[in-house]
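**Student:** Since the structure of chain A is provided, determine the placement of chain B on it from the hints.
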Amino acid sequence: MTQDTAAMDVHVAGDALGVITVHGDVTAASEDALMDAYTRASEDSPQAILLDFSGLEYMNSGGIGLLVTLLVRANRAKQRLLACGLNDHYRQIFELTRLDEAISIYADEAEALAAL
Amino acid sequence: MSEQQQNTARDEGNWATPVDRLEVGDVPAGALDTVGGKQVVSPIQGFGKMWQKTYRISLAGADVTPAELIQTWKDEFPSFWPKGSQFHAPLTGIAPGEVALLQASVGGGMKLSTGVFVLYADEESFTFMTPQGHMFAGWITFSAAEEDGATVAQCQVLMRAQDPLTEVGLVLGGHRKEDRFWQDTMRALAARFGVEAEPETSVVCVDKKRQWGRAGNVRHSSAFRSSVHTATAPLRKHK
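Protein chains in written order, with the working numbering: chain A, 1 to 116; chain B, 1 to 239.
Chain A with its partners taken away, still in its complex shape (with noise of 0.2 Å):
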């Protein structure tokens, strides 16, 4: 209900990841640009979508709602969802709502290519 401040930056890593860099707010009114980036993320059918939140700023419990149905939409179509570029704060935030159960965290991208 308030006004999208995100931005996503998509590009492609390796032949299997597709990499979503997440700037500014992420809330409930990011969800048209954050599902737009999936989409650009999986046009060639990665493995798996990474959001990189090394430029996130400010997430709220909005903000998590759409992870929990961007999540959703990754294993719908065989993909894992990865994330990086997590502070302390927001590593904090994935365990305690649980997140961090499905989206595997590394410490940045390179990691993440790395593990699949």
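Quick caveat, the hints were computed from the structure, so don't treat them as lab data.
Backbone N, C-alpha and C fix where the C-beta goes; we use that ideal spot for every residue, glycine too.
A few of these clues could be false.
Have a look at the derived ranges for each label pair, beta carbon to beta carbon [said to hold, decoys possible]:
| no. | chain 1 | residue 1 | chain 2 | residue 2 | range |
| --- | --- | --- | --- | --- | --- |
| 1 | B | Glu200 | A | Asn87 | 35 to 45 Å |
| 2 | A | Asn87 | B | Glu146 | 24 to 34 Å |
| 3 | B | Lys177 | A | Gly14 | 46 to 56 Å |
| 4 | B | Glu68 | A | Ala114 | 29 to 39 Å |
Example chain A residues on the side facing chain B (calculated, C-beta under 8 Å, incomplete) [what the hints assert, rightly or not]:
| no. | residue |
| --- | --- |
| 5 | Ser61 |
| 6 | Val68 |
| 7 | Leu70 |
| 8 | Val72 |
**Tutor:** Using the frame of chain A, we list chain B on its own:
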């Protein structure tokens, strides 16, 4: 310090700090602590289909800002619940990390005692997360925003039934009952500000798959335990 670390402070105080198991402080009179020692669960840990249900009501004509509405909603939360269910707000109010106990009427004269964990709270929203044993695995976000000059209140539930029994119950009228519960809540909230309005309801099935690997959640189910307790009452009498 990186840009992200500097900016983290913007939402840091809004989130609860991680907990392994819930701890309940003073139990209010009339409440039952069935959640102490339980873990919180997200929709990922649930069993049934995943649903996103949104209930919205416009307070057009009321002189209230989104922040004022949310403050009132937090302060007077129990008073907006429909008759037959009780919400025992934490003594320190609805704030991140607090646990609230509740009794919900689940039909057949049976009441389910459970609770919720306050996952997130800011000036214009707050979110509850459910514990093991609750009927649903997920979270409920209450928010308000200004739209076309009016303050609009919203309640959004993202959840799965936590166990197979609840999933069957949802199919057999539970969804309708839950919709009515939140629609009544939204009407009561609007009435608090002198507005008589009808809420809009939107229901989306986010994931049609049931997570059979989570069927064992039933061992935590408060409803299951209450049913067994009720069913075995005559046996206990004859002992």
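**Student:** Hint by hint, say whether it matches the structure.
**Tutor:** Hints, one by one, checked against the model:
For the hinted restraint 35 to 45 Å between glutamate 200(B) and asparagine 87(A), the CB-CB distance of approximately 38 Å keeps it satisfied. For the pair asparagine 87(A) and glutamate 146(B), the beta carbons lie near 32 Å from each other, so the given range of 24 to 34 Å is met. Hint check: lysine 177(B) to glycine 14(A), Cβ distance near 50 Å, so the stated range 46 to 56 Å holds. One distance hint, 29 to 39 Å for the beta-carbon pair glutamate 68(B) and alanine 114(A), is violated here, with the actual separation near 51 Å.
Because the smallest distance between the Cβ of serine 61(A) and any Cβ of chain B comes to about 4 Å, under 8 Å, the interface hint for this residue holds. Given the 8 Å rule on beta carbons, the hint for valine 68(A) holds: about 6 Å separates it from the nearest Cβ of chain B. Given hint, leucine 70(A) at the interface with chain B, is violated; its Cβ is 10 Å from that chain's nearest Cβ, farther than 8 Å. Interface hint at valine 72(A): satisfied, since its Cβ lies 4 Å from the closest Cβ of chain B, which is below the 8 Å cut-off.
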